[in-house]
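Peer 1: Chains A and B, in that order, give the protein sequences.
The first sequence begins at 757 in the working numbering and counts up by one.
The second sequence begins at 2 in the working numbering and counts up by one.
No wet-lab data here; the hints were simulated from the structure.
C-beta atoms are modelled at their ideal positions from N, C-alpha and C, and glycine is treated no differently.
One or more of the hints may lead you astray.
Derived DEER-like restraints, expressed as beta-carbon distance ranges [unchecked claim]: (1) A:Asn922 to B:Gly200: 27 to 35 Å; (2) A:Ile914 to B:Asp47: 54 to 62 Å; (3) B:Gly158 to A:Leu1007: 38 to 46 Å.
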Amino acid sequence: MRGLLLRLVFAVALPALLVTVWWVASAGSTDVYWPPLRTILAAFPDVWTAQRLRSDVLPSVLRLAGGYALAAALGVALGTVIGSYPRVRAVCEPVLEFLRAVPPPVLVPVIMLFAGIGDTMKVMVIAAGCVWPVLLNTVEGVRAVDPVMAETARSYGITGVARLRNLVLRSASPQIFAGLRQALSIGIILMVISEMFAASNGLGFTIVQFQRGFAIPDMWTGILVLGLLGFLLSVVFRSVERRALGWYHGLRASARRSP
Amino acid sequence: MRGVNAALGAAGLAAFLALGEAVPRLGLVEETYFPPTSRIAEALADETGDSAFWTALGDTLTGWALGLAIASCAGIVVGVLISVVPYLRAATASTIEFLRPIPSVALIPLAVLLYGTELRSVLLLVVYASFWQVLIQVLYGVQDVDPVADETARSYGLGTWARIRHVLWPTALPYVMTGVRLAAAVALILAITSELVIGAPGLGKRIGVAQTSQAVPEMYALIVVTGLLGLLINVGARTVERRALAWHQSVRGEVAV
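Extracted from the complex, chain A is given alone in its bound form (with noise of 0.2 Å):
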């Protein structure tokens, strides 16, 4: 009990400490770009409507989730088969390593020539981004499938689907959760900057327009609200991260133990 309030007090104590220095430090604050917490936080609940969660966050939201799946089954698919045929990944190896070098935002002007500023626009460009880490970490991790459990699988007849699903896909995911975090952050920056460019709608399009409209205190808020989603996003991907390598901590916790 009194372990897990100290926790707590730990947990607490220095956001609480810099929250309040923010305050007391931008209290008295006249200067337009640094408005006082208690405006932002004033401002919150009037710019932040559910007809606005609705309106904008909602479809920011949706694109990120279409583009960041479509990137993920996209990204394992290929990466199974170029990790699994060591002439194919031979062949694709400097290729894939330019693709992923090209930094993803500059990727939202060639789209939009393709796709024109639409949702289909956002999504692509979110998927062309996160594919890369996804693909390669999933070719590194299909790659370094334990060779005794390979020929174990092999001696006792297991093939095909079944092979892929419990041996390769399933020693290689520590490293496809790997790819799949690296890739949440690139296609959050991605679903911002493709909203920025050219939208009606979406969280980036409206931090924008405060931005514009010298609408300090909105832009603040707007800022909050990406800093919140950017941290719900990633709760949410360890809590479905633990579950689904819960057996990967395990075993390594148990090898640390008796090493």
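Knowing the structure of chain A, use the given hints to seat chain B on it.
Peer 2: This is chain B only, laid out in the frame that chain A set:
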């Protein structure tokens, strides 16, 4: 085997370039959207003859290098400090977990208001994004310190500074290097993004200008340049990592016992 792989890789690259030439020539996609490889190469050659291109490249690299340097130093100092001072780690964990996932692009409007299209705008975004990469790796690295080694150092009467120097730092260095390598890639992305979106001088801005003026081959040429830059940074970071960690097991490889 290595030679075969290199040859296959070169073949793959050649096929990729040939495909880029053939697809628009055969009319599978419109040439105005997707110019053939030779047109892009031509535009690239034109770019390299333009002094404005080199200035832009210099601007991008300045933002990248300065931002990365600031973020790395800050990440290492803060990381070591948090780990060494008792209770600081527990006290900062929740704050770090909260601040880290905040997408740095959320700061774009603020950067525009505060610094306009100056270098400082770019630096704000680059430093914020890459700082976390380094910090998290430093924290992981310090956690990895062998308690026996640390206790040994203590019992030999090594002070805090000496323990940081001789026990903590060598253990954390591989993690620090990984952090810096990740941060280098992130810093490039953010440098070019902020130029593209904010309009700070650099390659990103040139891409934006090429796009709005319908100079499609030039736009592709500049994108190829950013990809090559990213590739160079990756290779460079890996080389530095290998040099700096030449003594470390992960690079040295397992020694036969």
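Peer 1: A separate judgement is required for each hint: does it hold in the structure or not?
Peer 2: Evaluation of the provided hints:
1. A:Asn922 to B:Gly200: 27 to 35 Å: violated, 52 Å
2. A:Ile914 to B:Asp47: 54 to 62 Å: Since A:Ile914 and B:Asp47 have Cβ atoms about 57 Å apart, the given range 54 to 62 Å holds.
3. B:Gly158 to A:Leu1007: 38 to 46 Å: For A:Leu1007 against B:Gly158, whose Cβ atoms are near 40 Å apart, the range 38 to 46 Å holds.
Of the hints listed earlier, the one the structure fails to meet is number 1.
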